[in-house]
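Q: Sequence:
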Amino acid sequence: MPTDNVAIHRFIIGELRAAGIGRKDLVGEIGLPPWALATDDIQVPSRTLVRLWEVAEHDLGDPDIAIALARRFRLKTLGLYDYLFATSPTLAAALATSEQHLTAVTTNHHCRVVTDNTGEVTLYLEMVEGDGRGRDHTQLWILVGALTRARQVLDASINPVRVMLRQAPPRHIEAYTSVFGSAALEFSAPYDAITFRAADAHSPLKTSDPALAAVLRPLADSLPPPPQPPTTWRDRVAVALSEALDDGDVSLDIVARRLMTSPRTLQRRLQEAGTTWRNELDRARAARLVSARSSHLTRERQAQLLAYSSPTSIRRATRRWTSPNTR
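Note that the UniProt record's numbering gives residue 279 to position 279 of the sequence shown, counting from 1, and the numbers run on in steps of one.
Warning: the hint list may mix true and false statements.
The calculated label-pair distances, taken between Cβ atoms and stated as ranges, are [unchecked claim]:
no.	residue 1	residue 2	range
1	N279	D62	33 to 41 Å
2	L219	A286	49 to 57 Å
3	G28	K76	27 to 35 Å
4	L75	P218	37 to 45 Å
5	N159	P33	39 to 47 Å
6	P170	P210	39 to 47 Å
These aren't lab readings, by the way, just hints derived from the structure by calculation.
Please read these numbers as outputs of a predicted model, since none were measured by experiment.
For glycine and all other residues, C-beta sits at the position ideal for the given N, C-alpha and C.
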């Protein structure tokens, strides 16, 4: 189960209270025990953060709430993670701490920091579990938070070169252009990422402290490694399909629930991967049919293994799979 450091929740909930959110049972609504916010340095389920953003947008009626709160983020809020960032020699090195020591704050994300041949530095962000508006807000919170931290540790005012977001285009983009400045914005992108100019990325930080960094590094290195990048959606769907077929009940809704996403999002992810729900279901059933026939099972048993109601359905499916028009 992915987790996040409760310091994130503590900061966001404090800012939401200041913004006027009136829900008295906010902590309970998102699934946190009452004592959690008063406890230092514990990890809580990541689904509570996703839910927190959903409640915040609903109660405040603000679709840009994550941007607003991330702009108010203050260094040192996240303890060791922020100290590693601030004591780094350059912005590029500071961003690299996000990749190297991400588990200090979350196990629900994987990130990569890449420097291209022009010197531009891009932070790519992938969420392990989460969907819908909660996911959109969480990704924005992290990307805008990275920019806010960068602005706090550099003397010069900076804007990113590009920002790519997997979320759909918002109805109004003023909040985005306000925070990202002159950056090129792309919505419905294949990934979430923010790119910094070479001159900014390799500038020295005004907060750099090599001596303190040398003390903190061994402590950070003792943390568990960041989570592995999630497998492709085709791989995840294949596993969920196999489990659903084992249970004898397979449908788009059932597989989407197993993957903790919506049917529409699942279809979109498969389209992005160059395939469709029907293709993946046929692929899974065809592989099972080959195995079933090699085991000399009865046609009735073959139908059961493929979650079909009768052997007749297998014959129809086989004709479809072998039709030139479906290849």
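Q: Take the hints in turn and mark each one as holding or not.
A: Hints and how they fare:
| no. | hint | in the structure |
| --- | --- | --- |
| 1 | N279 to D62: 33 to 41 Å | 40 Å, holds |
| 2 | L219 to A286: 49 to 57 Å | 52 Å, holds |
| 3 | G28 to K76: 27 to 35 Å | 28 Å, holds |
| 4 | L75 to P218: 37 to 45 Å | 21 Å, violated |
| 5 | N159 to P33: 39 to 47 Å | 41 Å, holds |
| 6 | P170 to P210: 39 to 47 Å | 42 Å, holds |
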